[in-house]
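Protein chains in written order, with our numbering: chain A, 1 to 516; chain B, 1 to 360.
If you are wondering where the hints come from, they were derived from the structure by calculation, not from laboratory data.
Wrong hints could be hidden among the right ones.
If the Cβ cut is set under 8 Å, some of the chain A residues that face chain B in the computed set are [what the hints assert, rightly or not]: (1) 176; (2) 307; (3) 312; (4) 314; (5) 328; (6) 329; (7) 347; (8) 349; (9) 360; (10) 364; (11) 366; (12) 368; (13) 373.
Covered stretches of chain B, going by a simulated chain A footprint (3 or more residues, C-beta under 8 Å) [claimed, not checked]: (14) 42 to 55; (15) 225 to 232; (16) 236 to 246.
Every residue, glycine too, gets a C-beta built ideally from N, C-alpha and C.
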Amino acid sequence: MTDERIPLLEAVEVTKRFGSFVANDRVSLRLFGGEVHALLGENGAGKSTLVKCFFGINRPDGGSIRWRGQAVEVASPAKARELGIGMVFQHFSLFDALTVAENIAVALPMSMSVARVAGELAAISARYGLPLKPDAVVADLSAGERQRVEIVRCLMQNPDLIIMDEPTSVLTPQEVEDLFAMLQQLTAEGRAILYISHKLDEVRRLCQRATVLRLGKVVADCDPAQVPKAELARMMVGETVHAARPAGLAQAGEDALVVDRLSLPAASLFGTDLREISFSLPAGRVSAIAGIAGNGQSELFAALSGERPCAPDTAIRLFGRPAGRLGIVERRRMNADFISEDRLGHATAPDLTLGENILVTRAKTDPALLNRGVLVMRRAAAISDRIRKAFDVRTAARDPLARALSGGNLQKYVVGRAVDRDPALLVVNQPTWGVDAGAAAHIRRTLVDLAKNGAAILVISQDLDEIYEIADRIAVLCAGRLSDFHPAAGLTAERIGLMMSGSGGPAAGQVAHHVA
Amino acid sequence: MWLRLERRSGRSAWMALLSPAAAFALTLVTGAVLFLALGKDPVAGLYFFFVEPVTVAWSLEEVLVKMTPLALIAAGLAVCFAASVWNIGAEGQFILGAIAGSFWPVVLPDLQGPLILPLMLLSGILGGALFASLPALFRVRFGANEILTSLMLVYVAELFLDWLVRGPWRNPAGLNFPETRPFHDWASMPVIGADRLNIGFLAALAVCLLLAFALSRTFTGFGLRLSGTAPQAARFAGISRNGTIYLVMALSGGLAGLAGAMEVAGPIGQLRTQISPGYGFTAIIVAFLARLNPAGAILAAFVLSVTFIGGESAQIAIGVSDKITRVFQGILLFYVLTCDVFILHRLRWVRPVRRLAGGS
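Please construct the entire structure, taking both the sequences and the accompanying hints into account.
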């Protein structure tokens with residue numbers, strides 16, 4: 001490669017420990033101007049830890065960082081910015097109540113007035129095609145627009161290196177295209193971009209180089225476009241990933257769940273009202289609801305699960321019986337089950353053990369777990385053991401606290417706890433959110449297998465790749481309204497993207513589909 | 001070098017055992033310093049405070065008498081706190097229970113027989129439970145913080161008691177003293193000790209053990225704990241938060257009310273303007289010292305009861321203020337809460353990184 005050039009930033013055997021845990025083990029990396037460099041790896045591989053060392057948030061325990069050939073100590077984010085390193089975080093750090101210009105001004109030296117910031121902001125917006133209104137209030141902006149604010153804030157410092165942590169995780173396909181165009185413009189100006197992601201298609205398309213991390217170590221340094229996708233995935237995971245295939249029953253079964261004009265006002269100030277939602281779920285099929293989080297997903301899940309019962313009773317029919325007013329326990333007793341989006345704190349209690357967490361969803365549905373109101377802990381522990389084995393939940397102790405498990409392992413446990421009941425209806429909200437590729441593949445395969453055995457599955461997800469991988473039918477939830485379900489085959493990502501961003505309404509979606 | 005408080009990966013079993021003992025030891029050390037500062041002999045002070053009460057049969061019995069209401073109230077509060085509902089008003093519920101129990105022997109003194117005592121105790125439970133349901137109602141309906149409302153209702157209860165005893169319920173044959181008529185025999189707790197210890201003590205032990213079992217082994221108890229530590233998970237388990245608030249407030253209030261009724265039907269024998277040395281507040285310390293385990297409340301109540309008796313004996317023997325009891329109780333609570341932090345956390349010395357290896 002172009003090793004003679006002086007790298008913009010070079011990491012030499014950077015090591016970072018947290019207690020006895022080695023998050024980065026002698027990681028070396030070279031970034032050059034004009035390139036988009038991918039940092040690939042599963043969750044927990046050490047990507048974020050490493051870039052935090054570059055940005056002065058973490059201090060490495062060993063190794064060195066060179067900037068333009070000079071060894072430097074990045075003591076703080078301020079020092080990083082001074083050198084010319086900017087970072088766009090995965091979780092936005094914006095004040096909702098302030099305007100765009102004010103949000104940018106607070107991150108800059110005190111001397112800059114908001115008016116001057118607004119002026120510079122307009123210039124940068126025009127130059128990179130990032131439309132932003134300086135006096136718009138952040139609370140009113142979409143996720144894509146908020147990210148633009150973060151990017152512009154970063155660009156105001158005129159950085160030579162921009163670190164982006166999972167930038168596309170909250171964007172619609174169209175917004176992703178806009179982002180890529182802008183990144184290409186930035187590299188054309190000679191800037192370097194360090195692009196953290198686990199989305200292989202994106203990385204192969206966008207990045208000139210990729211460094212793959214696994215368990216804190218560099219396992220590969222390659223040109224991602226030259227390496228097959230499955231090979232990249234294998235490098236990340238360390239084992240071959242089997243993709244699930246949508247293969248339901250030959251014939252769809254009867255409707256397990258019928259929702260009829262369900263409307264529900266938001267429970268909180270920042271929630272979304274559900275408006276006139278109607279759909280049905282046939283047995284033997286994986287149905288998926290796509291859409292960006294915050295468009296009514298949590299509210300729909302609460303209504304379907306019975307965490308928030310709703311009127312009229314007939315708005316939700318479970319296996320033919322009106323169930324709108326039934327609570328979650330009654331619905332579970334009808335052999336439905338539900339997996340919430342938030343695995344730690346919602347699906348499980350963090351400070352209870354896995355055995356005790358069995359009781360959260362099953363104490364009232366499994367007669368063997370309650371003997372006249374007294375808990376049979378032995379049985380709960382046995383069920384927990386069975387799930388740990390069947391679903392490959394890796395734990396350090398036999399019955400650890402839920403909080404001690406990694407995200408992927410806990411999600412496998414949560415899915416296993418529901419699937420182990422052999423439910424006839426399973427509603428899952430964001431089944432593989434923040435879960436590593438190996439666990440995600442395992443979970444998706446489990447859901448598809450359950451559908452094959454005749455269960456009706458509803459997956460609510462923002463991950464389009466996931467939806468295409470497992471779903472037979474797809475609908476889109478946008479601003480509390482649900483489109484019709486369409487067969488997954490023949491529905492293009494662009495079409496879904498338009499529906500997700502609200503530009504193609506449910507009606508438009510219907511028209512567009514009558515092709516296949 | 002500086003110290004940093006870090007979260008442990010799990011609960012430290014060692015610290016969980018060690019913490020109450022460490023808190024007690026630290027209280028002794030601080031107490032010794034306090035006696036020194038007062039110019040008293042610290043060894044003698046601690047002896048009269050903590051040892052003398054358990055060496056004499058009479059005062060040992062008195063320790064058991066005083067620990068009865070403490071254990072009863074604390075067992076209820078432990079369940080309440082385990083559900084993250086903060087009932088600070090047990091003192092008021094204790095008073096309302098005493099008033100409700102006193103209704104029968106005071107207002108209807110001619111009604112006598114073996115059913116009177118059970119009736120009084122039941123009335124006490126009901127009085128305390130209903131009074132504690134008020135803050136629960138305010139919390140559920142209006143989102144009012146139960147810490148404030150339950151505490152404020154204590155003053156309502158105290159003033160109501162004062163008015164009753166000085167006014168409508170005053171003993172007509174009592175020379176204008178602010179007391180009700182003394183309870184008749186049917187309205188008194190059967191004594192089991194040499195002097196004032198009554199069957200209420202055994203009832204308190206039974207209630208503590210029963211609640212410990214219910215909290216740890218029944219689904220209802222599991223639901224309360226879940227609701228307290230992971231409210232969203234509790235909703236996922238189909239457990240209503242509002243129902244939990246009503247249940248634990250009524251339970252803790254009912255037990256405080258029972259303690260109040262047993263106190264006036266037992267050691268006191270009538271209703272007065274002052275019927276509690278602060279049992280309802282001290283029981284909060286008992287509940288935390290017991291680490292919110294109702295069975296542990298038995299031992300913790302014993303310890304706190306010793307401080308009541310010890311405060312009196314230290315007052316007589318070495319002439320310290322009677323406020324010393326409250327001071328010791330406060331110090332003990334402070335150390336209990338401090339030491340409990342180390343069950344889930346630990347201190348570590350952190351060395352600032354001077355320069356990176358390889359940097360020049």
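Results for each hint:
Evaluation of the residue 176 of chain A hint against chain B yields a violated restraint, the C-beta minimum of about 32 Å exceeding 8 Å. The closest approach between the C-beta of residue 307 of chain A and any C-beta of chain B is roughly 5 Å, which is under the 8 Å cut-off, so the hint is satisfied. Here the hint on residue 312 of chain A is broken, as its CB sits about 21 Å from the closest CB of chain B, past 8 Å. Residue-level restraint check for residue 314 of chain A is violated (minimum Cβ-Cβ distance to chain B is 22 Å; threshold 8 Å).
For residue 328 of chain A, the interface hint holds, the least distance from its beta-carbon to any beta-carbon of chain B being 5 Å, beneath 8 Å. Hint status for residue 329 of chain A relative to chain B: holds, with the closest Cβ pair at about 4 Å, below 8 Å. Taking 8 Å as the C-beta contact cut-off toward chain B, the hint placing residue 347 of chain A at the interface holds, the least distance being around 6 Å. The beta carbon of residue 349 of chain A comes within 4 Å of a beta carbon in chain B, closer than 8 Å, and the hint placing it at the interface holds.
Taking 8 Å as the C-beta cut-off, the interface hint given for residue 360 of chain A holds, the closest approach to chain B being about 5 Å. About 6 Å separates the beta-carbon of residue 364 of chain A from the nearest beta-carbon of chain B, less than 8 Å, and the hint is met. The beta carbon of residue 366 of chain A comes no nearer than 12 Å to any beta carbon in chain B, farther than 8 Å, and the hint placing it at the interface is violated. Of the supplied interface hints, the one on residue 368 of chain A is violated, with its beta-carbon coming no nearer than about 13 Å to a beta-carbon of chain B, more than 8 Å.
A distance limit of 8 Å between C-beta atoms decides the matter here; for residue 373 of chain A the minimum to chain B is near 5 Å, and the interface restraint holds. Counting residues of the stretch 42 to 55 of chain B whose CB falls under 8 Å from any CB of chain A gives 0; the rule of at least 3 is not met. Under a criterion of three residues with beta carbons nearer than 8 Å to beta carbons of chain A, the stated coverage of the stretch 225 to 232 of chain B is upheld, 4 such residues being counted. Counting residues of the stretch 236 to 246 of chain B whose CB lies closer than 8 Å to any CB of chain A gives 3, so the stated coverage by that chain holds, three being the minimum.
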